[in-house]
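For reference, the chains in residue letters:
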Amino acid sequence: MTRYVLTRLALMVPTLVTVAVLIFILVRIVPGDIVELRLVSGGSFVTPGVIEAERQRLGLNRPLSAQFLEWMVGIFRADLGTSMWSGNPVTQEIAIRLPLSLQLAVMATLIATALAIPLGTLAALYRGRWIDHVVQVISVAGLAVPSFWLGILFILFLLGVFRYLPPLTFTPLLENPRANLEQLIWPALAVGYRYSAVTTRMTRSALLEVLREDYVRTAWAKGLARRIIVRRHALRNALLPVITVIGLEFAFLIGGLVVTEQVFNLNGIGKLVVEAISQRDYTLIQGLMLLVALAYLLVNFLVDLIYAWLDPRITYQ
Amino acid sequence: MAGAVGRVRAVRAVPGWLAIAVLVAAVLAPAAPAQQPRRGGTLVYISTAQPPSFDGHRETTFAMLHPVKPHYSYLVKFDTQNYPKVVGDLAESWTASRDGLTWTFKIRSGVKFHDGSTLTSRDIKATYDKIIFPKGDVVSARQAMYQSVRAVEAPDPQTVVFRLKYATPGFLEKLASPFNFVYKAEILERDPHWYERNIMGTGPFRFVEYVRGSHWVGRRFEDYYERGKPYLDGYRVLFIASRSAMLAAIKSGQALTEFRGVSPAELADILRSAGDKVAVGTSPWQCNNTVAINTKKKPFDDPRVRRALTLAIDRWGGSQALSEIAFVKPVGAMMLPGGAWAMSDAELARLAGYGRDIAQARQQARALLREAGVPEGFSFTLKNRDISMPYEAVGVYLVDQWRQIGLNVRHEQVEAGRYFADQRAGNYDLVVDFACDFIDDPDVQLLKFLSADVSPVNYGGYIDRQLDALYVRQSRTPDKAQRAALVHQFERRVLDEQAYAFYVLWWQRIIPYWKTLRGYKTTTNHYVEPDLAEYWLAE
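Line by line, the protein sequences are chains X and L. To convert, take the position in the first sequence, counting from 1, and add 28; that gives this note's numbering. To convert, take the position in the second sequence, counting from 1, and add 1474; that gives this note's numbering.
Isolated chain X, as found in the complex:
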């Protein structure tokens, strides 16, 4: 097991390097120039000398190979460089936003899981009955409604009916739990609902498949209680694909809530990704994409470890 864990962790390094090379090339293929966007996009007149001086200061005139090498050396020293737009270290820019994005991802995952597993189980156990139909309607609606749109509806409802708007600035959970939850509960509900729809459908179909397995039939034949069959035998095995979906969704939430964060004015990683791309802030884009790639790798790794815990047949020898 230890060897497996170490091998998996070591394999992340070449994956991340490949991602880094691809990101470095892709962001430079996109047309646009951070200096023009910064100095000219306001409509003011700026001389070519000023533009050239700024390019030089940012190191954009140096050969791409030199820029890449410098960035890679920095990564191995845990230094992602400096944001070309703000001049702040990339790690600092990310550190400001990461607590909010992580907390929102955790809250949305908890809400989604708390909804999806009971609903999916009920739908599978009562397949074709009215409970199944109700759950299907709820989950299909969740898939059809984008979370940002649901978020807008929440805001309009709160504003229209209660003249209330959730706080617009982030307060850390430990500093003021009430203010923190007041801000994050609404986006967590909006995102969690869509997330639960995907997971509910996965739980239902996985459980239906497991319930048809021979060992479950044997358990029924042995006269085991329904509760034990479902909980101990069926659900535990059915959760394997569900865990995969939860893991992928969680990793997506770290940097993927682009529009929802805009709607609720959340200072998260998704909003930062959009800003960095629209400003052509190469170093920040590179740092953010590496973070997202790392999140996916780590979550997949954790999912694999959970597999072994859930299913004793899986070994990592």
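What the hints contain is simulated information worked out from the structure, not anything from laboratory work. Incorrect hints may appear among the rest.
Computed from the model, here is a short list of chain X residues facing chain L with C-beta under 7 Å [claimed, not checked]: (1) Leu-65; (2) Ser-69; (3) Ala-81; (4) Leu-181; (5) Ile-183; (6) Gln-290; (7) Arg-308.
Only a predicted model underlies this, so the values are computations on that prediction, with no experimental measurement involved. Even for Gly, the Cβ is constructed at its ideal location relative to N, Cα and C.
Knowing the structure of chain X, use the given hints to seat chain L on it.
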């Protein structure tokens, strides 16, 4: 009465029944009695973008000014209550020599920086030296604006002298740039980049906190030189990029305003929700949409074709129709409509595309196209930014106008990075361009339209030495009437005779703000605002 007129003007931007309702309320409402400013409270307002750095001398965006400027003072500044009048800030008084080559400023005594040190003329000299003669890798975005300056001197602690190479009208206004924060000489000597990441000024508010992507906080500077000011205890800027989130914040009262501007539809939305708690300031805006033509491409290298394109645009009808849905309205040439340098209506009407008889203009346009050999149904692309307000509305309107003279136009909207890259590379036929600045001065407004080898932002690519010569002449003509005549000659050449580029419409600022915010007056540009030393909260 003036208040009622202001309110009447404001509601013109609001469509339908809402406009009528607000209009009736405005007429019936008694004029508010003048009130004594009240001390206290924190003003919360929105900025739709974040400052790239905190250094006013290197940045060009309102996103830096709106949160940062309350921390600084200026040598001279624009009086936002009587814009564009220039008043002294750190300068108590000033004189110009008879030949206009020497400007002497007397500095207030006892002005304190936020760290408790005393400001002297040395700080002002260091500030303007950094702006006008940046050294090493220091970037100054407005260096070109002060080409006439030979030297800045500080002969004694309370005197600053600007010596010019040639007399230039509008020099005082240029000194009053809202970007010209006065910095501390000692800090600049130690590290000229210090101000990019730090704040240390003599302005009415001290710096408290900045959380990138979230908010900026300032607190009253108790030792501010103007006794009794500022009235506010502090201010908080919320950075909100999403328009829907911004509107929600204003509607809920979590923020009292945003000092750049909203569209008529957004205004209507706010008024529907917040009703009479919100006042509206409107003003022509020192920003506009122009069309740059790629004069290196056929058939746009032919002045007849370019003239036909501008003749086809019904600016007066467009002003009426588009102002209902977008923040564009005033019809004008190259200088701010209604401003000190604007052409008279009679002069304006003689320019191609500014007449009131659009049918006749379009007939003339068709004839010019035939003469130039451009066939009916000729196709080209109008490139535009992917920003809805007001670019999209203006672009769609232009496509329709040209369709009416038998042209087939494809409207291509691209995001900002590609938009600027394509303009620079000449990868376009026609492009919806724009200009914004803090000052209605010909030196600033006309610079863009000089020959391409002189002006790097002349994306049209034309070379016209007559224009370049006219520019220099107007810039060195102290007599205002003579200078205006030269400016109008320049405008006629660009917009009419050669039709190198043309103006579509100027923008119109619409600023909704909660009535609890007092002392605020909407000006013609969003760079000189906010002036937080003057504002106070009614409750």
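Verification of the hints:
1. Leu-65: 6 Å, holds
2. Ser-69: 6 Å, holds
3. Ala-81: Hint holds; X/Ala-81 Cβ to chain L Cβ min 5 Å, cut 7 Å.
4. Leu-181: Violated: closest Cβ of chain L sits about 12 Å from X/Leu-181, beyond 7 Å.
5. Ile-183: 5 Å, holds
6. Gln-290: 4 Å, holds
7. Arg-308: 5 Å, holds
Hint 4 from the earlier list is the only one contradicted by this structure; the remaining hints agree with it.
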